[in-house]
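The chain contents come next:
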Amino acid sequence: MLGLNAKDMSLLIVVAILTMCAPLILNPFPADSAMAQFNAGYPDLMQKFVIFGIFAIGFNILFGLTGYLSFGHAAFLGVGSYSCVWMFKLLGYNVLPGIALSVVTSGLFALLIGLITLRRSGIYFSILTLAFAQMSFALAYSVLSNPKFNLTNGETGLQVYANDPQWFHNSERLPDLPHIFGLSMRATQKVSVGGWEFQFNTGYYLCAFIMLICFYLAIRIFRSPFGMMLRAVKSNQQRMNYTGLNSRPYTLAAFVISGMYAGLAGGLLSAVDPLAGAERMQWTASGEVVLMTILGGAGTLIGPVLGAGLIKYFENIFSKINDNVLHGWFSFLPDGMEDLMVTLIHPFVGKGWHLTLGIIFMLVVTFLPGGLVEGGQRIGRMLSRKKSKEADSPASTEPAE
Amino acid sequence: MTKSNLTRRGMLKTGAVTGAGVALPTIFTASSAAAFTNEPTGSSVTLGFNVPQTGPYADEGADELRAYELAVEHLNGGGDGGMMNTFSSKSLDGSGILGRKVEFVTGDTQTKSDAARASAKSMIEKDGAVMITGGSSSGVAIAVQGLCQEAGVIFMAGLTHSNDTTGKDKKANGFRHFFNGYMSGAALAPVLAARYGKDRRAYHLTADYTWGWTQQESIAAATEALGWQTVNNVLTPLAQTDFSSYVAPVLNSGADVLVLNHYGGNMVNSLTAAVQFGLREKQVNGKDFEIVVPLYSRLMAKGAGENVKGIFGSTNWHWSLTDEGSKAFVKSFGTKYGFPPSQAAHTCYVQTLLYADAVQRAGSHNPCAVAEALEGFEFDGLGNGPTLYRAEDHQCFKDVLVVKGKDNPTSEFDLLEIVEITPRAQVEYAADHPMFAGGSLGSCNPGA
Amino acid sequence: MDAILLQVLNGLDKGSAYALIALGLTLIFGTLGVVNFAHGALFMIGAFCSVTLQRILNASFETISETEKDFLGNPLKVKTPYVESWFGPEVGASIIDWSVPLAILFAIPIMIAIGFIMERGLIKHFYKRPHADQILVTFGLAIVLQEVIKAFFGANPIQTPAPDALSGVAQLGEGLGLQIAYPIWRLIYIAFALLIIGGVFAFLQFTTFGMVVRAGMADRETVGLLGIDIDKRFTTMFGLAAAVAGLAGVMYGPINAPNYHMGMDFLVLSFVVVVVGGMGSLPGAVLAGFILGILEAFASTTWATTTIPGINQIIIYLVAIIVLLTRPRGLMGKKGVMED
Numbered sequence: 001m002l003g004l005n006a007k008d009m010s011l012l013i014v015v016a017i018l019t020m021c022a023p024l025i026l027n028p029f030p031a032d033s034a035m036a037q038f039n040a041g042y043p044d045l046m047q048k049f050v051i052f053g054i055f056a057i058g059f060n061i062l063f064g065l066t067g068y069l070s071f072g073h074a075a076f077l078g079v080g081s082y083s084c085v086w087m088f089k090l091l092g093y094n095v096l097p098g099i100a101l102s103v104v105t106s107g108l109f110a111l112l113i114g115l116i117t118l119r120r121s122g123i124y125f126s127i128l129t130l131a132f133a134q135m136s137f138a139l140a141y142s143v144l145s146n147p148k149f150n151l152t153n154g155e156t157g158l159q160v161y162a163n164d165p166q167w168f169h170n171s172e173r174l175p176d177l178p179h180i181f182g183l184s185m186r187a188t189q190k191v192s193v194g195g196w197e198f199q200f201n202t203g204y205y206l207c208a209f210i211m212l213i214c215f216y217l218a219i220r221i222f223r224s225p226f227g228m229m230l231r232a233v234k235s236n237q238q239r240m241n242y243t244g245l246n247s248r249p250y251t252l253a254a255f256v257i258s259g260m261y262a263g264l265a266g267g268l269l270s271a272v273d274p275l276a277g278a279e280r281m282q283w284t285a286s287g288e289v290v291l292m293t294i295l296g297g298a299g300t301l302i303g304p305v306l307g308a309g310l311i312k313y314f315e316n317i318f319s320k321i322n323d324n325v326l327h328g329w330f331s332f333l334p335d336g337m338e339d340l341m342v343t344l345i346h347p348f349v350g351k352g353w354h355l356t357l358g359i360i361f362m363l364v365v366t367f368l369p370g371g372l373v374e375g376g377q378r379i380g381r382m383l384s385r386k387k388s389k390e391a392d393s394p395a396s397t398e399p400a401e
Numbered sequence: 001m002t003k004s005n006l007t008r009r010g011m012l013k014t015g016a017v018t019g020a021g022v023a024l025p026t027i028f029t030a031s032s033a034a035a036f037t038n039e040p041t042g043s044s045v046t047l048g049f050n051v052p053q054t055g056p057y058a059d060e061g062a063d064e065l066r067a068y069e070l071a072v073e074h075l076n077g078g079g080d081g082g083m084m085n086t087f088s089s090k091s092l093d094g095s096g097i098l099g100r101k102v103e104f105v106t107g108d109t110q111t112k113s114d115a116a117r118a119s120a121k122s123m124i125e126k127d128g129a130v131m132i133t134g135g136s137s138s139g140v141a142i143a144v145q146g147l148c149q150e151a152g153v154i155f156m157a158g159l160t161h162s163n164d165t166t167g168k169d170k171k172a173n174g175f176r177h178f179f180n181g182y183m184s185g186a187a188l189a190p191v192l193a194a195r196y197g198k199d200r201r202a203y204h205l206t207a208d209y210t211w212g213w214t215q216q217e218s219i220a221a222a223t224e225a226l227g228w229q230t231v232n233n234v235l236t237p238l239a240q241t242d243f244s245s246y247v248a249p250v251l252n253s254g255a256d257v258l259v260l261n262h263y264g265g266n267m268v269n270s271l272t273a274a275v276q277f278g279l280r281e282k283q284v285n286g287k288d289f290e291i292v293v294p295l296y297s298r299l300m301a302k303g304a305g306e307n308v309k310g311i312f313g314s315t316n317w318h319w320s321l322t323d324e325g326s327k328a329f330v331k332s333f334g335t336k337y338g339f340p341p342s343q344a345a346h347t348c349y350v351q352t353l354l355y356a357d358a359v360q361r362a363g364s365h366n367p368c369a370v371a372e373a374l375e376g377f378e379f380d381g382l383g384n385g386p387t388l389y390r391a392e393d394h395q396c397f398k399d400v401l402v403v404k405g406k407d408n409p410t411s412e413f414d415l416l417e418i419v420e421i422t423p424r425a426q427v428e429y430a431a432d433h434p435m436f437a438g439g440s441l442g443s444c445n446p447g448a
Numbered sequence: 001m002d003a004i005l006l007q008v009l010n011g012l013d014k015g016s017a018y019a020l021i022a023l024g025l026t027l028i029f030g031t032l033g034v035v036n037f038a039h040g041a042l043f044m045i046g047a048f049c050s051v052t053l054q055r056i057l058n059a060s061f062e063t064i065s066e067t068e069k070d071f072l073g074n075p076l077k078v079k080t081p082y083v084e085s086w087f088g089p090e091v092g093a094s095i096i097d098w099s100v101p102l103a104i105l106f107a108i109p110i111m112i113a114i115g116f117i118m119e120r121g122l123i124k125h126f127y128k129r130p131h132a133d134q135i136l137v138t139f140g141l142a143i144v145l146q147e148v149i150k151a152f153f154g155a156n157p158i159q160t161p162a163p164d165a166l167s168g169v170a171q172l173g174e175g176l177g178l179q180i181a182y183p184i185w186r187l188i189y190i191a192f193a194l195l196i197i198g199g200v201f202a203f204l205q206f207t208t209f210g211m212v213v214r215a216g217m218a219d220r221e222t223v224g225l226l227g228i229d230i231d232k233r234f235t236t237m238f239g240l241a242a243a244v245a246g247l248a249g250v251m252y253g254p255i256n257a258p259n260y261h262m263g264m265d266f267l268v269l270s271f272v273v274v275v276v277g278g279m280g281s282l283p284g285a286v287l288a289g290f291i292l293g294i295l296e297a298f299a300s301t302t303w304a305t306t307t308i309p310g311i312n313q314i315i316i317y318l319v320a321i322i323v324l325l326t327r328p329r330g331l332m333g334k335k336g337v338m339e340d
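Residue numbers (this note's numbering), protein chains in the order written: chain R, 1 to 401; chain B, 1 to 448; chain V, 1 to 340.
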């Protein structure tokens, strides 16, 4: 069906069900319970999950298949975001033109940068992409926001002002926020069931729907002859060149596609929250998508999405655990023990979440080069070995090599 | 949540998308239409404290958080009540806000506008925060203020000094107690002219972003009005750590004053470089060379160490003030934490009390009612003398402190000494002043 | 003329830091074949060695003053450093004053130990792994190290001033009719960097140990076949590289107050320096460090920024792109390094 084999189809269906039911699945704890702070089913975080999922899927098309490690992908995300907000400023708050333009501009930008950077490979390629991204960030942060030619609005971030043209905007009929044909991205239906509260948000479902399309396209790319060619680049580019094949057009195509995915993610970020800050182009943001992809499992289909979810969960949930919360948890212990536990855990949660993330990341790179997906496979194999000796890993999550 | 502008048609569509046409059984109760975003219904009310916990301003953020916790303690009737006892409005009585216990959630802005907005959004969407406050940078404050306007909650800005926060980026749901670049210039210029003379040539180094530009514009205008000349204004990248290439040309430029429009790590590094190059021992045009740092904070002064001695700047508040409000605040903060509060802590504490008081007086958390209670509000006893929350731009007008790095500090906290308390009248400006033009408050947004 | 020479000095000064970090990176890369993204963190830890020493020297006991009051009106607790009570106020104060130069001695063993632990505990397991994995694991390590430092020392910069005697300004070139005032400590930094660089080169050139290491850099397998325990020597090289980065950090403290993210600030730039110089080439790393430092200094002048706005923020990256596209292996790179 849809040109997919049975295994891929079932993976796609599972992902579709999970994303559609995310508001339910991510809120497993009743709203008033002590565990409620671990709930992730609120619009902003769910949107981040799928948007950064798209970003990581796109990055994986380049890194997972060709092995080219780009340290500058955040630049495309930023370009996409700025394009989308400019559409809001000029045309109006309907998100479709913005998202479309963000894909187009980031594709063009990626083509330009790809043409230059792909002349080199290995670490030289990484440094070149890093250099371009840092230049874009530095310019967006300051020079491109000067009063005479304000393209990015610098540190504050590009946003819509009341005196912007917005030619097709009619504030009588349409919300003064990003919307899709009148339905605001912020519109949220809250549903309470017993002690649970679930939030169904328009922006999330738009992003989730787009992510499913992106995921489907990524499967098709992975399984296509083009995908095979990219894997050939990764395993041995020289041999490929000797056979008379020029690998450059293939890697360039992969670079542009992943740049467009990044731009799309950027456009969606602006669509759900119409302010584009320059920091999202900084090299640490590029490093973050690398972390996501590796944590989840580079070269696997589902890995990057998992990695994106994990990091965003850490950033938003783990960072909120402050000392008050810790004291609440351990209040059943005697005083001395309580303080000891809080002191021990304190450096790793709350504002120390970067430390925990760094440690987990090191452990994953050292012991699980295939990321969480490999971890899952190992566990799965251990379980299934008991049943049959011919345990086979699911094809859908097979690494590229 | 933010069901602003959610039409009936939109509702139907939401239903179609989410429920996919499934009729909701009776156990599902779609939340009843609240009068405004996150209307508190239970026995408690949640405030959102959004401060930098990681990144270069993490220490400022930590101090802000201490102040917030202290404010919540006082609002709930704990501790010694701090400035609640000296505050001219007596509506707060230690029983929470409108009889509800005050609770809070914290978030990390990372000093990035994206992260700050995400964190504020999660506090509004997930934790039901009815007010957001905090921040240690103007870009972040402006970004979060815009979000709060869209979401329909009140934003009480923390440390933000750019003219734009209550200028071209002002919002009806946003309020700022802290002073701004214009006020720094207006307070500092006369003191500088009195100490250093009116015939001075100033060389500006300016952090190349929004705050730096408005700060530079303000101080240059204020000093030029008193006869100073501005020789040069050089923009420095925000990420710069070694300022030697920018400081070295100052020596031969003919300038006799260096103005450092830098904040945080930038200021520590540029001031260090200027001192290293021996600028302070120089004689130019027959006068002693001087350095000026328009925006000071004690935490920054600590970072700059010895280098701040004798250098002039301005601050919003300092713990050595001797009015009743300041004394009460320093006492309860110092007793609880063992060191005096910073100006960031002060403004955050005050903002929390002001919000609670406005709600109490308005009898509702509705942002429109709160805004009405704050607009044009005159109060005293919070450490800055008689203060006005101006209705036109939601900026507080109060006295500004001109300070200088202390020559003989007696303790590690005793780094700045107050040179002059500039009266409020001297730093006031018209709401349509050109440096603040270009924006409009819009109308208050209650969300739902 | 004065202005130009001044910027050359500024460039040399910046270049010294770049060159020292790039030198260590190249040592590690050339000998062990590992791309170490945690090298910036080693520089930062070096700077915090002197912060730590300063804290140790300032360890104080408290006496309650009869006359003075603290900010709450309670009797003031006066702190007296132990060193001042042991050696007398004047000697004690001058020991504290000289804490940065003293920190050099303090930092060397610590940095070598950290280098050993890093290599034996972590890097060793990555020799046979792809370069991408090495980059990633050391990147993770860099995050961890910087967060640990932040947890201990906070996020604000901490001043580590130079000794009073060395913190003034030197007048240069008076005999030549020039008037250049330049901070003494920055001149010391340049000299120090040259000394270290010279020392490392001499060590590799004139000792048997260095000869073996150079042979190992050229052809690791053959050296191994000759029965030489090259691994042990490479561990030593890692310790040496860590010490170079650490000393660069200690000496940099008085120029810019150390903070927890100074490593990351330098990391990206030093990688650019290494790549521009040519991966695996020690002279290339040093040369590129100084050249990029000087270019950056000149791009920061008013003349340059008014001609091309923003040039000061992008110059290094721009040069890197141009060099890599015109000289694919960097200025002095060898064929076949990192090209798989």
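These aren't lab readings, by the way, just hints derived from the structure by calculation.
Warning: the hint list may mix true and false statements.
[Unchecked claim] To list a few chain B residues with every Cβ distance to chain V over 12 Å, as calculated: (1) 58; (2) 232; (3) 411.
[As the list claims (entries may be wrong)] Stretch by stretch, here's where chain V covers chain B in the computed footprint (C-beta under 8 Å, at least three residues): (4) 251 to 265; (5) 322 to 336; (6) 345 to 354.
Even glycine gets a Cβ: it sits at the ideal position worked out from N, Cα and C.
- [ ] List in ascending order the numbers of the hints, as given earlier, that are violated by the structure.
- [x] Those not satisfied are hints 1, 2, 3, 6.
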